[in-house]
Amino acid sequence: MTTYMDIISLLILVSSFVLVANKKQTSYIKTFRIQSFLIALSMAAIGFRHFQQNGRIDAFILCALIIGLKVIYIPNLLNKTYDKVEHKVEKDFYLNIPILTLLACGIAVFVYFIVTGIGQFDNRDITMQVVNMVSVVLIGIFFMITRKKAIGQIVGFLVVENGIFGTAMFAAEGMPLIVDIGIFIDLLTGVLIMGLMVFRINDKFDSINTNKLKKLKG
Amino acid sequence: MIYIILQLIIIIGLAPLMNGIIRKIKAISQKRKGASVFQMYYDISKLMRKDMVVSDTASWIYTAAPYVVFGSTVAAALLVPVCATEGWLNSAFMGGDALVFLYTLALGRFFLMLAGLDTGSTFGGMGSSREGLISSLLEPSMLIGLFTLGLASGSLSISRMMAESTAKAVPVLNPAYIVIFIVMIIVLLAETCRIPVDDPATHLELTMVHEAMILEYSGRQLALMELAASVKQLIIMTLIVNMFFPITFALPAGAAGVALAILLYAARVMLLSVLIGIVEVCTVKLRFFSVPNLAAIAFILALFGFVNYFVLGR
Amino acid sequence: MKFIYLAVPVVIVILLLFIKKRKFIYELGISASLLEMLITLSITADAVSGGQASFKMSLGIFYLDSFSIIVLDIITILGFLIHIFSVGYMERDCKSGKIDEKQVRLFFILLNAFIFTMILSVSVKNMGIMWVAIEATTLASVFLVGFYNKRESLEAAWKYIIICSVGIAMAFLGIVFLHLSSTGVLTHEHQFLNFTDLTVNAANLDSSMLKFAFMFILVGFGTKVGFAPLHTWLPAAHSQAPSPVSAMLSGVLLNSAMYGIIRTFTIVNINLGNSVFAGRLMIFFGIFSIAIAAIVILTQREYKSLLAYSSIEHMGIIALAVGIFTPASVFAGLMHIINHSFTKSMLFLSTGSILQKYHTAKISRIKGILKTMPVSGTVFILGLLAIAGTPPFGIFACEWNVLLSIFNEHHFVTGSIAAVLFAVIFAGIVHCLFSMFYGETPETIEPGEPNKSGAVVLIVLFVIVLAAGLYMPDFLFNLLSNASDVIMGEI
Amino acid sequence: MNLSVTDHLFTLAIIMFFAGACFGLLFCKKHRAANTLSNLFCMAGSAMGTISVVFHLLKGGGPVTVLNSVPGIPNFSLQLKYDNLSAYFLLVLFILTFAVSLYSIGYISHYYGKRNVGIFNFLYCTFILSMMMVMLAGNLLTFFIAWELMSVVSYFLVVFEHERSENVKAGTVYIIMTHLGAALIMIAFMIMNVLTGETSIIGNGAFFTALPEAAKNACFLLLLVGFGTKAGIIPFHIWLPKAHPAASSNISALMSGFMIKTAIYGIVRFIICGFGGIKTWWGMTILILGIVAAVLGVAYALMEHNIKRLLAFHSIENIGIIFIGLGMGMIAYSKEYYPIAAVAIAAALFHTLNHALFKGGLFLGAGAIQYATHTRDIEQLGGLIKKMPVTAVFVLCFSLAISAIVPFNGFVSEWLTYQSIFAFIPKGSLCINMISIIAAAALAFAGALAAVCFVKLFGISFLGLPRSEHAGEAKEVPPTMLGGMGILAALCLVAGLFPKIILNLLDKVLIETAALKIYPNLSGGTVPVFSGLTVSGNKMSMIAILAVILALIAATVPAVRIIGGKADSRKYGTWDCGFVEINERMQYTATGFSKPIRIVFRILFRPSRTLAVKGEHPKYYPDKMEYKVGTVSVFEKYFYDVIIRGLHRFSQRVKLSVQTGSIHMYLSYILVTVLALMLYSRLF
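So the protein sequences, as listed, match chains L, H, A and Z. Throughout the first sequence, residue numbering follows the numbering used here, covering 1 to 218 in sequence. Throughout the second sequence, residue numbering follows the numbering used here, covering 1001 to 1314 in sequence. Throughout the third sequence, residue numbering follows the numbering used here, covering 2001 to 2491 in sequence. Throughout the fourth sequence, residue numbering follows the numbering used here, covering 3001 to 3684 in sequence.
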């Protein structure tokens, strides 16, 4: 079981690397879809275990929510948004891809160094998974830092959310259900609001390049 | 009381003579016959009897100034015993406090400078301005000098300082005293508007200081001003002779002693006047803005005298 | 039944969805917020009069103790006052054609939603739900920040939502670790993540995990609180939001985020047995925030962002006070929370009047406020002195106590730096802002208060601020000392 | 607690000032009523206050508590009480406020209908109350609150005429400086409070003796800089010459006459009395600061042509003189020569009173000039002695007093300072002696320059011909204003002639607060003409010297008459060198008057001059010539401006490099913070 989980978490991490290496906005969304699917997969695995152990189906509900929201609805929404805003052909990221991936790798190594220092993580079977998920969170932020377009930032934010959700899932086998549901509501509203704002930004600035939002200095 | 009256008579009586002597010395050096040494007495009595011309612009300050200047200068004179006899020293007004002496003179100077400004004439203002600079530059040196002498005698009273000097065999040979002596000579020259600081004989606006301030005065007011100036000169001379060249031998008691002391005093101040006359002859007037250098020298010397007193004198 | 106050804003939001008339909207908003305030005040009164035991009340996931009551009271009292002010403010905006009727309704809906999320965040004991509520505060207020739909406000709103969401995400990571640290200690699922249970069992939690958790929570909620260098959204959002919203953000929202940090801080400190690890972090962030604010305030050009920096400073002071972690310092920190909320809301509300009169946010374009608006102007200038820590206002009393408690722990250098920085901030405020008050009113501007009911609110707030510096009633003292006991770990 | 009648009178005095403040606000709309009533209340309060503090000083009997309130906030008790030291300073305050309030009745009339007089009166009364509160503060907190209140209220008074942007700037500089000073004071208070657990400051004995040595030194420096900023010692003086001219004259009189003295009170209260032990280097520091302030203050004053700026610089000089006294006293105290210390500190405190009297008076005089001529530039004045004869007499008295000329009070305190320096020199080491003698020289120099400066002030503005229409059309000011100045002038003379009245009070003050006795070294002094004030054998009696001078003048007048006979005096124009009739533009100007000093001390003033010739062909046919002389404030240019510019640049840089506007940058802050904290929690 642990090995299986380790592999999936590693895949999730890898999908983050892929995300950082992506160049086009549409492929961000695709990668995100894949990553969410991987999380749903692991949620399902945990769900099976829970069901076997004490017949609870919390995890299945969550799994369904993930698939519904993160694998289907939100990526579609983002795609629609993407279609509706104007596009100019321009580089969407700072630095270049190899350096970005290297830095992302560096973050993962750093997290490994830090997390293994925590007493409780010395030799527990979830260590690897926690390391991967925390890395996903930080790489998500890193992704947001490096992307100029608003869509990229939304995706980055979603990856961060994936990461924290993943951490909760792998490390603690999920939070209390009510918390998880709350998170989903927040996430959904957040993405809706962000999507709405992307339109408005596009309206006012004729672009969704957030690098142009620089009027409020000092 | 008798001493105070004597003091008044001697100071006011002798003061114009000093000017006469100095002028005579200068005349002699220039191979002139020159006026009589008593010329200033004639001038003053003549001026006393003349009518006055007062500027329309002038206010009561102008009228009051001669009296205040004269009054305060003579009051300051009461603080400086002319003869270092015991009775005289003891009766010196308030022990002759050196600080009161300095600040009483300052009262006179204050009114003198105001009077210069009162008529609205440019000369007066110029004189006041210059007088202000010179007097303030020399004030610290004078103070340190008096402080040092005071420390040697343990008191700031001028009569105590004189008593101390009298007690010393030849005070001027004491290093601190020599230095302070030089300082006092510089102060004397500057305060009484003599060459090299000011030339009392000229009425050229570029150089005048004291004469410029009293330019508008005439008649008895002028007489009082001139008299006050010479009194001031004499009291500083008195200070010098009694501090640095005291009568170190014992005088006979009683009236004879006093008379002898007065005579000796007159002789010494006259000698000093001759000396000043010679200094005036030998030097040229400094450019006005070189006067601060002289003052700086005086200040440094005074400080040096003070240190000397501490390192060597105690 | 006590938790009924939670329902009030929800009901209002629903009702407002169906009400079209402006007048009704106003009346409903004011009366509902008044009701809310009265309920919470009655809870407070009960708690205060009932003695030690009744300070805590619990119902399912809901939970109130004296600390939460303090923050809750601040929210509802300011909620009420800001409602009154907003009515005048919106009316004027509406009349001048800046916004339309629909937007007025939207404003009140969002305002009430915002209030709801905040009161929710301080009324629960489950850290997870608290997190959800705090995240929701961002979502509820983001359109309030971008209310005017201009380029700048949109920019501010975007930065606000992105930075706060990311920051808050960190806090969730922290909460996960908090949860992990309690594995094996808290066995029942309904105990999971409850800070009450965590505090009770704090000594048994896993220390290294807890440190990790605290650090993430500090960064996460710290973003919302506005600790430098995570404060970056704050000046932008405060300067672009309508003034009542700025008042709400600065006076109320920051406190709820701070509430989350302090709750965790208690657990960590009990667990670690001393305040070195977490306290040092808090002190560092406190001083760093004060320093950044002090430096930046010196050359501010816009009055609202200057006030935003001042909020950063004051959050820093609170962090500093709590970070010292002695009963006296915590007490002072709590006092500071209250005083800062009232003073800062007062200031932001007065900027509302100024903005509506002068139509500019630039300091250099404003002259003669004291002549134009005697009430707002006087309140504003005295409020600025108050916020800069001048006696006899409330903030001074707090700063005095905070500094005293710092020095009492022999943190001489920290205390001295803080004191000097306060003076620098004072200098910055005077240097930058005071020129607005003097001189002649420009001819284009007619004298008079733009918002009459708002002026009354300002005076009320001013009286509170002044009174807070001169007198503290016994019940408040009890409440505060009880709350500081709570923070010190006696839960 | 048994309060006597006089103590109740004191409470009543406080109530009077409160009433004054309230009436100011109540009659906001009726300017004349507001002003008159409020000032009358202030006068009543001052009179009552004076009586009660004088009685307290004479009667003795330990500190009296006025108010003791615990408002519920922790560590926040307010305590008002007074002992002899406070009573002495309060006496100074009440005398000054009495005169100033009387003066204000007339003076403020030029605000009627133009400004909100009610608010002004409110601020005025509050200002007095806040200064009282500083004197009355019984514990550290109360002192600090009062201190800050005083600063804030006086700030509002400085910017009261806020239409002029320079007033606002002056106010800003003032409040920033004073607040920075206050921050240092606060730090010192915190240290003192925390390390000794003591908060009271008025009572028996020194409260902060338990402080460790290092803390004492630190507190000394903090308090010195903190109070020094308020006192205006160089180099913390730059606010003073800005703020005083900005405030209206009655306020400047209070600020200069008393507010800056609160710093002296603070130093005496905390450093001399509070620490229960003085170090020699503390005294030396204060002495050196005093020397610098005394000399530079008067030197800068000479360069000023704005009366109030000139007077403001003189305040710096006088604070310097007070500091010299204090410094000398502290050195003597630390070396355990208590009688000398007593005389020196008494001299400083005496000078505090004297300065309040004559500087208050001078500011009132400046106000009168401004009232009559609407200008403060002395280059515009002239000939006022004929238009305003009474004012002229009073200003002359104050000028003589501040120049330390006999027979006014300024001389007495300087004389005592000189005496203490003189008495200490035989006991000191070479180093201390060098500083002491330079202090004495500095005193003399400052006194002489002050005399020059006041000759300039009085001579240019009151004598000669009017230099502008304003001055030509001046009229004598209303009697209330003259009354205010007259009281102070009379007191200047009284304090000069009967110094023992004050010294008796000071003796009580010093015995109670520092267990120092003046009288072993000091005797005589009041009414008997020839028993002078004596310090270690040196005698001085102002009455005697005045009597002698008057007698000599009285004798000279008839003597001259007898010698000279009757002589006529004729009025005629001033000598014009035979050219056209002399006019006012040919008079010596203030700029010209101070030129020699400007040239000699050019290193201090950095004078610049520009001569611009104007006209179509300026070289050959000049129409007009413009000559400008400027001096540079060295401290502002080379010290404050550098710091301010540096800070400004630093702030800009930080602002733009932190708050760049780029959301990516902001996000990276979060990432970096997280990574750093992860490292931190891993390492610790």
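Hints listed in this document are in silico derivations from the structure and should not be mistaken for laboratory results. Careful, some of the hints might be misleading.
[What the hints assert, rightly or not] Rough simulated footprint, nothing fancy, chain L against chain A, three-plus residues with beta-carbon under 8 Å:
1) 2035–2041
2) 2157–2170
[Unchecked claim] Far from chain Z by the CB rule (all over 12 Å, computed), these chain H residues:
3) L1047
4) D1051
5) T1073
6) L1146
7) V1170
8) A1201
9) A1256
10) G1257
11) I1262
12) V1274
13) C1282
Don't be surprised by glycine CBs; every beta carbon is placed ideally from N, CA and C.
For each hint, the structure was consulted:
Counting residues of the stretch 2035–2041 of chain A whose CB lies closer than 8 Å to any CB of chain L gives 0, which falls below the minimum of 3, so the coverage claim is violated. Residues of the stretch 2157–2170 of chain A with a Cβ under 8 Å from some Cβ of chain L number 9, which satisfies the need for three, so the listed coverage holds. The claim that L1047 of chain H is not at the interface with chain Z is violated, since a C-beta of that chain comes within 12 Å of its own (minimum 8 Å). With 12 Å as the threshold on Cβ separation, the claim that D1051 of chain H sits away from chain Z is violated: the shortest Cβ distance comes to roughly 4 Å.
With a cut of 12 Å on Cβ distances, T1073 of chain H falls inside the contact zone with chain Z, its closest approach being about 9 Å. Annotated as non-interface, L1146 of chain H brings its C-beta within 12 Å of a C-beta of chain Z; the closest such distance is 10 Å. The claim that V1170 of chain H is not at the interface with chain Z holds, since no C-beta of that chain comes within 12 Å of its own (minimum 24 Å). A1201 of chain H, annotated as away from the interface, keeps every beta carbon of chain Z farther than 12 Å; the closest lies near 19 Å.
Distance check on A1256 of chain H: its Cβ is at least 29 Å (rounded) from any Cβ of chain Z, clearing the 12 Å threshold; non-interface status holds. No Cβ of chain Z comes within 12 Å of the Cβ of G1257 of chain H; the nearest lies about 26 Å off, and the non-interface call holds. The non-interface label for I1262 of chain H is consistent with chain Z: the shortest C-beta to C-beta separation is roughly 21 Å, beyond 12 Å. Every CB of chain Z lies more than 12 Å from the CB of V1274 of chain H, the least distance being 29 Å, so the non-interface label holds.
Remark: the non-interface label on C1282 of chain H is consistent with the geometry, its nearest Cβ contact in chain Z lying 26 Å away (cut-off 12 Å).
Violated hints for the displayed structure, listed by number in ascending order: 1, 3, 4, 5, 6.
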